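> What follows is each chain in one-letter form.
Protein chains: 2
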Amino acid sequence: MKPGKFIGVGLGPGDPDLVTVRAARLISGASIIAYPALPQTESFARRIAAPYISGDTHEIVMEIPMSRQRAPAQAAYDHGAAQIAEALDLGETVIVLCEGDPFFYGSFMYLHARLCDRYEVEVVPGVTSVAASAARLQLPLAARNDVLATIPAPLPDHDIRKRIEMADSFAILKLGAHIGRVSALLDQLGLADRAQYIERATLDEEVVLPLSQAPDPAPYFSMILATKGADPWLKPPS
Amino acid sequence: MKPGKFIGVGLGPGDPDLVTVRAARLISGASIIAYPALPQTESFARRIAAPYISGDTHEIVMEIPMSRQRAPAQAAYDHGAAQIAEALDLGETVIVLCEGDPFFYGSFMYLHARLCDRYEVEVVPGVTSVAASAARLQLPLAARNDVLATIPAPLPDHDIRKRIEMADSFAILKLGAHIGRVSALLDQLGLADRAQYIERATLDEEVVLPLSQAPDPAPYFSMILATKGADPWLKPPS
Numbered sequence: 029m030k031p032g033k034f035i036g037v038g039l040g041p042g043d044p045d046l047v048t049v050r051a052a053r054l055i056s057g058a059s060i061i062a063y064p065a066l067p068q069t070e071s072f073a074r075r076i077a078a079p080y081i082s083g084d085t086h087e088i089v090m091e092i093p094m095s096r097q098r099a100p101a102q103a104a105y106d107h108g109a110a111q112i113a114e115a116l117d118l119g120e121t122v123i124v125l126c127e128g129d130p131f132f133y134g135s136f137m138y139l140h141a142r143l144c145d146r147y148e149v150e151v152v153p154g155v156t157s158v159a160a161s162a163a164r165l166q167l168p169l170a171a172r173n174d175v176l177a178t179i180p181a182p183l184p185d186h187d188i189r190k191r192i193e194m195a196d197s198f199a200i201l202k203l204g205a206h207i208g209r210v211s212a213l214l215d216q217l218g219l220a221d222r223a224q225y226i227e228r229a230t231l232d233e234e235v236v237l238p239l240s241q242a243p244d245p246a247p248y249f250s251m252i253l254a255t256k257g258a259d260p261w262l263k264p265p266s
Numbered sequence: 029m030k031p032g033k034f035i036g037v038g039l040g041p042g043d044p045d046l047v048t049v050r051a052a053r054l055i056s057g058a059s060i061i062a063y064p065a066l067p068q069t070e071s072f073a074r075r076i077a078a079p080y081i082s083g084d085t086h087e088i089v090m091e092i093p094m095s096r097q098r099a100p101a102q103a104a105y106d107h108g109a110a111q112i113a114e115a116l117d118l119g120e121t122v123i124v125l126c127e128g129d130p131f132f133y134g135s136f137m138y139l140h141a142r143l144c145d146r147y148e149v150e151v152v153p154g155v156t157s158v159a160a161s162a163a164r165l166q167l168p169l170a171a172r173n174d175v176l177a178t179i180p181a182p183l184p185d186h187d188i189r190k191r192i193e194m195a196d197s198f199a200i201l202k203l204g205a206h207i208g209r210v211s212a213l214l215d216q217l218g219l220a221d222r223a224q225y226i227e228r229a230t231l232d233e234e235v236v237l238p239l240s241q242a243p244d245p246a247p248y249f250s251m252i253l254a255t256k257g258a259d260p261w262l263k264p265p266s
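For the protein sequence lines, the chains are A and B, in the order given.
Sequential numbering from 29 applies to the first sequence in my numbering.
Sequential numbering from 29 applies to the second sequence in my numbering.
FYI, nobody ran anything at the bench for these hints, they're computed from the structure.
Since the structure is predicted, the reported quantities are computational estimates derived from the model, not experimental observations.
Be aware that a few hints might be false.
Same chains, same label: a pair holds when it works inside one copy or across any pair of copies.
[Stated by the list, open to error] Straight-line distance between alpha carbons at most 20 Å, and here's what the computed DMTMM-like set of lysine to aspartate or glutamate pairs gives:
#, residue 1, residue 2
1, Lys-33, Glu-150
2, Lys-33, Glu-193
3, Lys-33, Asp-45
4, Lys-256, Asp-221
Turn these sequences into a full structure, and let the hints guide you.
Have a look at this one:
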């Protein structure tokens, strides 16, 4: 029997309207979907896709433990990949639901690594949280020869600083308990006033705040965005 | 009269299926759309949106001259913004069609700068060419604490080199006549074998090549993508 196709589908930042036409069609027609969920928590990916899921779709839920150790999560991906492989071997197409974009900080990458050598794979890109946050903040990210950097907050100060210094615009992700340290750094760099804080962009619960008023710790789905405004032509003509 | 709303709509990388549900709905219901076009050339933005445009939509075409001088293009944006403002003042909503994402190297930013102080604005984010190219190449871009940098090829060698050295994954855009210089640089950095070349991602005319076989000059809609593969957990388990 010809094995089924393994499809990773980006769902965008959260608003179901920001799912692509292709992703919506694939999900509506799916016989099997798979998605990650934290223990005892609604899957965010499934929440975004919910309007498109039909009643008779079989769902593979991959419970991913929260842990600083990597092995437990990797074991969960092993198990999820085995369940998906079983369906693929029966000739079924399996749609994996991915928050944002599958290859931009997505857990899909761990399934892809486990299955890409053995099965036909398709990846459907999605709107990233960075693009969505910029849209909500109405903050142009990159024009002309601007460099955009996406920087995870857990990196050491020195690394974050160097990357900010070399970028025209930057997004700082995975803030969590690091937000105070990152805010102090932006202050030192004279960029705190330009930096904007946004959480849960495009959802009903979206919050936008000046960086000085951002919560500490910050929730997982939050980021800081800033541009040094390198292109003078982007200023409104006076 | 209450002025209309000014909406910039990201259309994604090229395949009309990668337009978001929201963008498709806005375009289908639009009474006025506006978009840029190079002289004597089909507008790429309009081509992507075409399946969603209804027959009785009024179209504002902004012809943007190709020139190394910036003033002629800026004058064209002045003129386009004035046409859009005229419609907004009559209470009409105007949908601006944007390739990719409106705030990621998009000409929409120049209209936004001219109109954002005077009108209600919405920005609908889109799938970027970087996310789409990674999906087509099946190249994971960023996991865990990886830094992703998007770097325009016209920058000097020294600047490109420093930004590559500080990133885990990078996209080099706007290759054009710079592709030979950039390829030589990647060779020096020992990254040429990891770098992949893609043009017109997600379109029927898409081309994927090893960097050594890429055309010189490269077309405008092309990029080089590479990852240093920082996360060992992304390797398929052996």
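> Using 20 Å as the alpha-carbon threshold, which applies to Lys-33 and Asp-45: within, between, both, or neither?
between (26 Å within a copy, 19 Å between copies)
> Which holds for Lys-33 with Glu-150 at a C-alpha limit of 20 Å: within a copy, between copies, both or neither?
Classified as within; 8 Å inside a copy, 37 Å across copies.
> Give the relationship of Lys-256 and Asp-221 under a CA distance limit of 20 Å: within one copy only, between copies only, both, or neither.
Classified as within; 11 Å inside a copy, 34 Å across copies.
> Given identical chains, is Lys-33 near Glu-193, meaning Cα to Cα at most 20 Å, within a copy, between copies, both, or neither?
neither (43 Å within a copy, 36 Å between copies)
Taken one by one, the earlier hints fail for this structure only at number 2.
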